[in-house]
Amino acid sequence: MAQEQYPDAALASQPAEPRAARSIKKSGVLWGEFAIKSWLASCSFISIVTTAAIVILLLSETLNFFESVSPREFFFGTTWTPLFEPSSFGVLPLVWGTLIVTIGAALIAIPTGLASAIYLSEYASDRMRSIIKPVLELLAGIPTVVYGYFALTFVTPVLRNVFPDIQVFNALSAAIVVGIMVLPMVATMSDNALRAVPVSLRQGAYALGATSYEVTTRVVVPAGLSGVMASFLLAISRAIGETMAVTLAAGQTPNMSLTMFESIQTMTSYIVQVSLGDTPSGGVAYQTLFAVATLLFAITLVINIISQMILNRFREVYE
Amino acid sequence: MPLTTEQESRHLEKRHRKARIFAIFCAAITWSSVLLLAVLLYQVSIEGFRWLDWQFISSFPSRFPERAGIKSALVGTIWLISLVALISIPVGVSTALYLEEFAGKGKISKIIEVNIANLAGVPSIVYGILGLAIFVRFFALERSLISGALTMSLLILPVIIIASREAIKTVPQGIRNAAYSLGATKWQTTWAHVLPASFPGIMTGVILALSRSIGETAPLIMIGAMTFVAFLPEGPMDSFTAMPIQIYNWVSRPQEEFHELAAAGIIVLLAVLLVMNATAIFIRNRTERRMK
Amino acid sequence: MSLHLQRDLEKLKKEILKLGTMVESAINNAIFALNNREMSYVDEVLRLEDHINEMEVKIEEDCLKILALHQPVAGDLRFIVVSLKVNNDLERMGDFAKNIAKRARELMQEEPISTLPEFVNELPNLVRTMVRNSLDALVKLDVGLAREVIAMDDKVDEINRAMYQEVTRVAKENPSKTEIAISLLSTSRYMERIGDLSTNIAEDVIFMVEGRVIRHDD
Amino acid sequence: MSLHLQRDLEKLKKEILKLGTMVESAINNAIFALNNREMSYVDEVLRLEDHINEMEVKIEEDCLKILALHQPVAGDLRFIVVSLKVNNDLERMGDFAKNIAKRARELMQEEPISTLPEFVNELPNLVRTMVRNSLDALVKLDVGLAREVIAMDDKVDEINRAMYQEVTRVAKENPSKTEIAISLLSTSRYMERIGDLSTNIAEDVIFMVEGRVIRHDD
Amino acid sequence: MSQFPDSTLAEQNLQMSKKSVLELRNVNIFYSDNQAVNDVSFNIRRNKITAIIGPSGCGKSTLLRSLNRMNDFVDGARVEGELIFGNENLYGKEVDAVEVRRRIGMVFQKPNPFPKSIYNNISWGPLINGFNGSTDELVERSLKQAALWEEVKDRLHESALNLSGGQQQRLCIARALAMEPEVLLMDEPCSALDPISTARIEDLLFELKSSYTIVIVTHNMQQAARISDYTAFMEMGDLIEFNVTKKIFTRPAMKRTEEYVTGRFG
Amino acid sequence: MSQFPDSTLAEQNLQMSKKSVLELRNVNIFYSDNQAVNDVSFNIRRNKITAIIGPSGCGKSTLLRSLNRMNDFVDGARVEGELIFGNENLYGKEVDAVEVRRRIGMVFQKPNPFPKSIYNNISWGPLINGFNGSTDELVERSLKQAALWEEVKDRLHESALNLSGGQQQRLCIARALAMEPEVLLMDEPCSALDPISTARIEDLLFELKSSYTIVIVTHNMQQAARISDYTAFMEMGDLIEFNVTKKIFTRPAMKRTEEYVTGRFG
Amino acid sequence: SQQDESQESGATGAAALSGVVSLDGSSTVYPISEAVAEEFLAVAPRVRVTVGVSGTGGGFKKFLAQETDINDASRSIKDSEIEQATANGIDYLEIPVAYDGLSVVINSNNDWVDYLTMEELQLIWQPGSTVDSWDDIRPEWPSEPLRLYGPGTDSGTFDYFTETINGESGASRPDYTASEDDNVLVQGISGDEFALGFFGFAYYVENMDKLQVVPIDGGNGPIIPTETTINDGTYSPLSRPIFIYLNTASMARPEVNEFVNFYIDNAGVLASEVGYIALPDDLYQEAKDKISAL
Ligand SMILES: Nc1ncnc2c1ncn2[C@@H]1O[C@H](COP(=O)(O)OP(=O)(O)OP(=O)(O)O)[C@@H](O)[C@H]1O
Ligand SMILES: Nc1ncnc2c1ncn2[C@@H]1O[C@H](COP(=O)(O)OP(=O)(O)OP(=O)(O)O)[C@@H](O)[C@H]1O
Ligand SMILES: [Mg+2]
Ligand SMILES: [Mg+2]
Ligand SMILES: O=P([O-])([O-])[O-]
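Residue numbers (the working numbering), protein chains in the order written: chain U, 1 to 319; chain C, 1 to 292; chain A, 1 to 218; chain L, 1 to 218; chain X, 1 to 266; chain V, 1 to 266; chain G, 1 to 294.
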């Protein structure tokens, strides 16, 4: 009988009609439940605290920086030589360097990553996929320093055979290795997204007499676009934030060169240069680090907000 | 009556050709990515294999390449990764659970969401600066394993949170309803059903996140992980070194032998990564199979 | 609702009406044959009766088909069940028309005897009206008309009883007319039965519309 | 299959059988009353007839319920449709039993006349057998038995025709017996009709088992 | 507005309150500002199967979920009016929703076994609710009640996900029964199943009603017709007719009910 | 083995081959080593609706998919025997599966519109197949045929995913019709829909059969009964009975068919 | 939590010492500190010596936050750092430990450069320099583009080079290929026929097969950097001392004291082992004196 199953002090004295006797009223506050919820909530506040800490840390020094350097020079200047004498604080070359490496990496990682994802989800057998996917994931775990040297000792020499006048340090090979580095992210996440496209859609297309090419490019990829875009954006974020490989491969020459054959400097590589280098703290030169980091933070924030908006748009379309 | 007319079949032939070319193209791209990895591994291993022996694993760093080893870095990395896992997995998964299961769909969760997405794009070196300021200096944890682990945890938390949330989202609502309708509280439901069911997806995030943290150099240097450490850390408050730092250091030495040592170090690092990923994938597959 | 079911129900309705018309005309012909001693009308009735039988089987099969294929409920279901019964009733009306026609054929051979005027005029008219009205009530789902039909039945019974008195009187007075008298009594009974069956149909209509069984209410 | 449907079908079957038993006993009582001039049996028949009517309404409602709630097909559906018809037929047998009982009551008042021995013995036996066998055939789904019932109907018709001859002869010879003769003829006709209805039931059994309509096959 | 045709009241002819487990009195349910259920009142009889039918979106599921406060998990859902269960209003301030759900079980449209063993699927609910008897017995008894014991007794510790759809649904029923609920709510429990499994579950419900009170939402009118004792017909949030099932399907009191059950809608 | 009871042959009473679009002759279908369909032979009549019914797992879907070579996408699936379509064996070496699927359309259990506009959903198939007439007209014609035009004509360029389930399924039918197929295969096309949408689609099929040949797999026997002209009953991969639908549901020739349609199985 | 277990100093007592000695700072000095730490381990196995690499500047930050005992520095402490030290009340001691020669190098295929003068170097590297082809330096040299390589602006090497050549630390033309990693520069120059660059002497020594070093004329004729020329000061303007800075307060800890002494005793030998040039002995002695004076 029920009252034997669910021992309850109030119940023991009323064996006659356990069900009617038992009340559905609350017996007290659930402290355990409350404590757990508080713990979970506080965990999620860590991200807010982290962001706040980053912002405070970066902004305080950045404000100091703007006391000595005019925002006009910083945002619109085209020469970045904060550590030279005479120094100059136009951040555009760094932004430009970041831009071309990111774009280059995206141009490499996105098409190839997507093609790989298509291969994995549409053509490869399950066995093949279960082998290739972890292999690609391994590419994501290789230390970035290693990628940097890979660029210098393998990619650039290979490139030289094609473009003899390419410099030793160049944006192109940096973009290539960063592209390789984020490729697994695009490939595996897009693969997940494409596989999430219901089989029924593919069947629907095949049943209309479509070929595999038509089904993939016109139905599956558009249908999985939301997840695919998410992977692109995450990959781009990662490419923007990538540090060591770029520093090693692209050199550290702030430069607004139009070709990718020359050495450039990205914002991240400038941040490493200053923070791991020789610059004494306190001076304007040191504060540039924070100004650049703040700008980078702001850029990634804007990209993220825009991409959230884009993603939400796509989500609405494909439910 | 033939199935197709002459003109139709010509058109069809064209479409078939396109499809074939596309399939071959995609396969070629994928295999060249795999090939690239092979080239990379080959590059690394021809340089490093010569040095890869027990002596290398079991020795501390040295100025003599033939005596130098990766022991302290390897142990440091294992310590670091374990601590990072201990810190970041519970916190990350808790955050994900909170956002998916407990928080409403209000402004605050939206803000937290954008926040986390944004943190995923902050360069690692900035986390280094943050870790130095907060853990090393403010909390006076010094240049210890725990400072490194906390910093690294902050760095990878967004990845774990985002992946875990996606995994939790895929848990069918039906399972929750089933538990609630049995008179379970929210936490009982979450703990007994949502969490186990989303486990494989969470593991994927953990793999990606820990892989990233195992190879990160800059933030560790920033918060002051050592390079030469000739002893093994015994607790989280000890100073430490880690494999990427050791590798970075060797690589920037003038002597060719050290470059080769670096390659050997990379092989060890990849092996650790492989073991870790394999374990995680194994656990993931096992739970996945149990779920199926 | 399914067009298919709607179509099938429409078709069934039409068939029932057609059967009704056939039965009505068989009854009319039989009565005409009886009153006017017209042999050709007897033949017509026999021919019709064959068609009525065929039609009845077809309607029953259609009802079965609709039940099996569309599984109707509520009003639709009642309509099918009523159709089954009306179908049955109409076929029996046909049978009685045939019987009347047969008696008419027998009576043609004999000298006519004088009988009640109600039997010659009122009864056939009453019965014909009942049949027509019951079918009308079915078509129009007119409960009022159905109740009128039911009310008419009393008059029919009354005439039939009167006929019995009259016929026994005739037979007793003139034993040689006994066969004719019995035949006439039979036709009267057949007409009374047709009236009864019309009453059944009317009751079924009420059941169909109101969902209430009233046939044993009296 | 649904236990629910199975249960309802079982119940329906039982009810039909019960109705059959009631009808059979009404017929037996009516014939007994007729042959043995037993007034109490007449009353019993009238009492039974009331129950039969109630039962018939109930069975029809149950059939409707099963059709509406379970939407049976194939064999089950045919069973319900046959039940509807058998139900109807049994109720009419009940009506005829009542009529026989009423005639019996009339005849009791009068001197008995001698009539055909077949009418007194064979016809009632035949009819009773037909009723019982048709119900048996229904219960056992015994097509052979059903065909036997159908075959017996010819004999019944024959006796009925003989009775007509006999009755007209008696009435002619002795006009004062005309009423009695007509009453006797009526009871004979009622029995013949009961036989017909048994034949209907037998035909329905064949339809149910074989899915073929045979009633107008002759 | 709810409608109680006279004929129904006449037929029921019993003291409702004694026979009723749950009484709905002027229940209104809102999603934010949209009203999904309008002023519905009827009683759910003990040891009977009550079916709720009606066109898609008429509020069947909403109403059903309100009966064990599963609506609490739907953002913006709000229930007004009284739902009396054992002298208490389910939505009273003092009432513990967790306890309500323990006492009023639910089975869902898609079978949703936990990805655990068959045994654990059944024992989990009672265990978290403090059951300390023999779980072996409990599991056996529940599975027997759900007519699943024979099929699974040799593999109680295998994953519940290896069962067929129909078996899974019966497992879900067994799981709900293990809590010994007073009322069992079911939202289209057979719509994901093939006809054989559906027939099994319908038979099961028929058996269960001797000990439980069952409320079932179904799109399948034939199913409602087959298994239920009472049927509530809803349309656009209104209770159009609540009646004995036989009545609803042979001679409904309301024209709209007739139109719906005969398929003449829209 | 397939069974053609005499009564059927008598009733059909026509030159089959002229009236048949597809002829199945001793069709066997295997999944790797498991045989899912055993030696099935029957003809699919032009401008008729043929329903395939049978218990879960009896091979209905497998058989249906074999009719337009959708089985090609199932690993290990193998079809033996002859499926004659316009004098050619569908599985002949010379036959192009893409072309087969163009001529024999298919509609699936769950509505699966492409996440594109309504207009593009319809025009896509013909366009990739080299259609070069007026797509506007094509879209309008197809939507009208699928009885959807009135409901969507003002929002042709909105996403098809905004449609209700029933509308989506009709869109999928329109999409298939736009290819002007000779045969339309449907695998449980209404099982995901509510009764109102189901009724709409059934009505639609009824209209369509004047111009198309339709083969439908359904779990819902009432549906098969309602809409089809011929019914094939399968069990464990065998074709037990192929007959006029009315026969199957009033007096099936085979005992097992009777048992199945009356619900006495297992 | 370290405790002094022995107050004694000297080799015999060292074995009993325990505690932590932490070094951080320049990557240039790191190899020497590592070598010292490694050797020290042999005499004082229970002392935990840690050496970090966070650059001279980064190292000073930690040093001035009293997080380290010793800072490796490839340049002298700067004014801003001195101010901070005073503010934090830190007393420190600079100890030179070795010389690092700056090598000016060219591609091994370059057959026209025989030597460069300090003036030419300044011409090339000064801020606003317009020299971008070899014949801008000397007209007889080929009219080919001149591509420059050098350490990143943030390294001690760069500071020293600019100070020496251009007269002001950090004053340089910015349009050269920069990398913080000298190995990377080696890669660059060895792959570029028209390259000219400079970096630490140790990296030249390890890559002599790939590059040519340019003799520098500092006024006394072209001199090639070698151990000898650096050690005796003849390769004068472009060789610099590298240092360790010690927090004098830490010297109170015997293990630090012991370590620093050990460092100075062995710096010369170990420096040359890892590619640097030992200081003249008297400089080491001077350092030892300063320490004992504490
Ligand atoms: N979570 C929700 N938020 C807002 N509105 C809702 C929500 N759930 C349901 N509704 C709305 O409430 C109404 C009733 O929905 P409900 O799900 O109860 O219908 P239903 O009768 O169960 O329909 P179905 O038969 O399709 O399951 C619908 O108009 C629906 O759109
Ligand atoms: N891809 C497959 N690989 C192996 N076996 C399969 C595959 N698909 C189906 N089968 C097997 O083939 C048989 C027939 O399956 P099929 O899907 O045709 O049945 P069905 O009649 O459509 O059933 P349902 O009514 O459940 O859809 C089943 O035994 C099934 O297990
Ligand atoms: Mg619902
Ligand atoms: Mg199927
Ligand atoms: O690391 P450095 O300060 O020597 O460049």
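These are calculated hints, taken from the structure and not from any lab test. Mixed in with the good hints, there may be bad ones.
Computed cross-link-like contacts, EDC-like style, restricted to lysine to aspartate or glutamate with a CA-CA straight-line distance of at most 16 Å [what the hints assert, rightly or not]:
| no. | chain 1 | residue 1 | chain 2 | residue 2 |
| --- | --- | --- | --- | --- |
| 1 | V | K255 | L | E210 |
| 2 | U | K25 | X | D96 |
| 3 | C | K105 | X | D72 |
| 4 | A | K14 | A | D136 |
| 5 | A | K177 | L | E173 |
| 6 | V | K246 | A | E210 |
| 7 | U | K26 | X | D96 |
| 8 | X | K255 | A | E210 |
| 9 | C | K186 | X | D96 |
| 10 | U | K37 | C | E101 |
| 11 | L | K14 | L | E210 |
| 12 | V | K209 | V | E180 |
| 13 | C | K186 | U | E33 |
| 14 | C | K107 | X | D75 |
| 15 | G | K62 | C | E142 |
| 16 | C | K105 | X | D75 |
| 17 | U | K37 | C | E100 |
| 18 | U | K26 | X | E140 |
| 19 | U | K26 | X | D229 |
| 20 | A | K65 | V | D229 |
| 21 | L | K102 | L | E210 |
| 22 | G | K210 | C | E256 |
| 23 | A | K172 | L | E61 |
| 24 | L | K177 | A | E173 |
| 25 | U | K25 | X | D39 |
| 26 | L | K172 | A | E179 |
| 27 | X | K246 | L | E61 |
| 28 | A | K177 | L | E179 |
| 29 | L | K172 | A | E173 |
| 30 | L | K65 | X | D229 |
| 31 | A | K172 | L | E179 |
| 32 | L | K177 | A | E179 |
These are the hints, each one checked on the structure:
no. : hint            : result
1   : V:K255 - L:E210 : holds (12 Å)
2   : U:K25 - X:D96   : holds (5 Å)
3   : C:K105 - X:D72  : holds (15 Å)
4   : A:K14 - A:D136  : holds (12 Å)
5   : A:K177 - L:E173 : holds (12 Å)
6   : V:K246 - A:E210 : violated (31 Å)
7   : U:K26 - X:D96   : holds (4 Å)
8   : X:K255 - A:E210 : holds (12 Å)
9   : C:K186 - X:D96  : holds (13 Å)
10  : U:K37 - C:E101  : holds (10 Å)
11  : L:K14 - L:E210  : violated (22 Å)
12  : V:K209 - V:E180 : holds (13 Å)
13  : C:K186 - U:E33  : holds (8 Å)
14  : C:K107 - X:D75  : holds (15 Å)
15  : G:K62 - C:E142  : holds (11 Å)
16  : C:K105 - X:D75  : holds (9 Å)
17  : U:K37 - C:E100  : holds (12 Å)
18  : U:K26 - X:E140  : violated (31 Å)
19  : U:K26 - X:D229  : violated (33 Å)
20  : A:K65 - V:D229  : holds (12 Å)
21  : L:K102 - L:E210 : violated (39 Å)
22  : G:K210 - C:E256 : holds (12 Å)
23  : A:K172 - L:E61  : violated (48 Å)
24  : L:K177 - A:E173 : holds (12 Å)
25  : U:K25 - X:D39   : violated (25 Å)
26  : L:K172 - A:E179 : holds (9 Å)
27  : X:K246 - L:E61  : holds (10 Å)
28  : A:K177 - L:E179 : holds (14 Å)
29  : L:K172 - A:E173 : holds (10 Å)
30  : L:K65 - X:D229  : holds (12 Å)
31  : A:K172 - L:E179 : holds (9 Å)
32  : L:K177 - A:E179 : holds (14 Å)
In terms of the numbered hints stated before, the structure departs from hints 6, 11, 18, 19, 21, 23 and 25, listed from lowest to highest.
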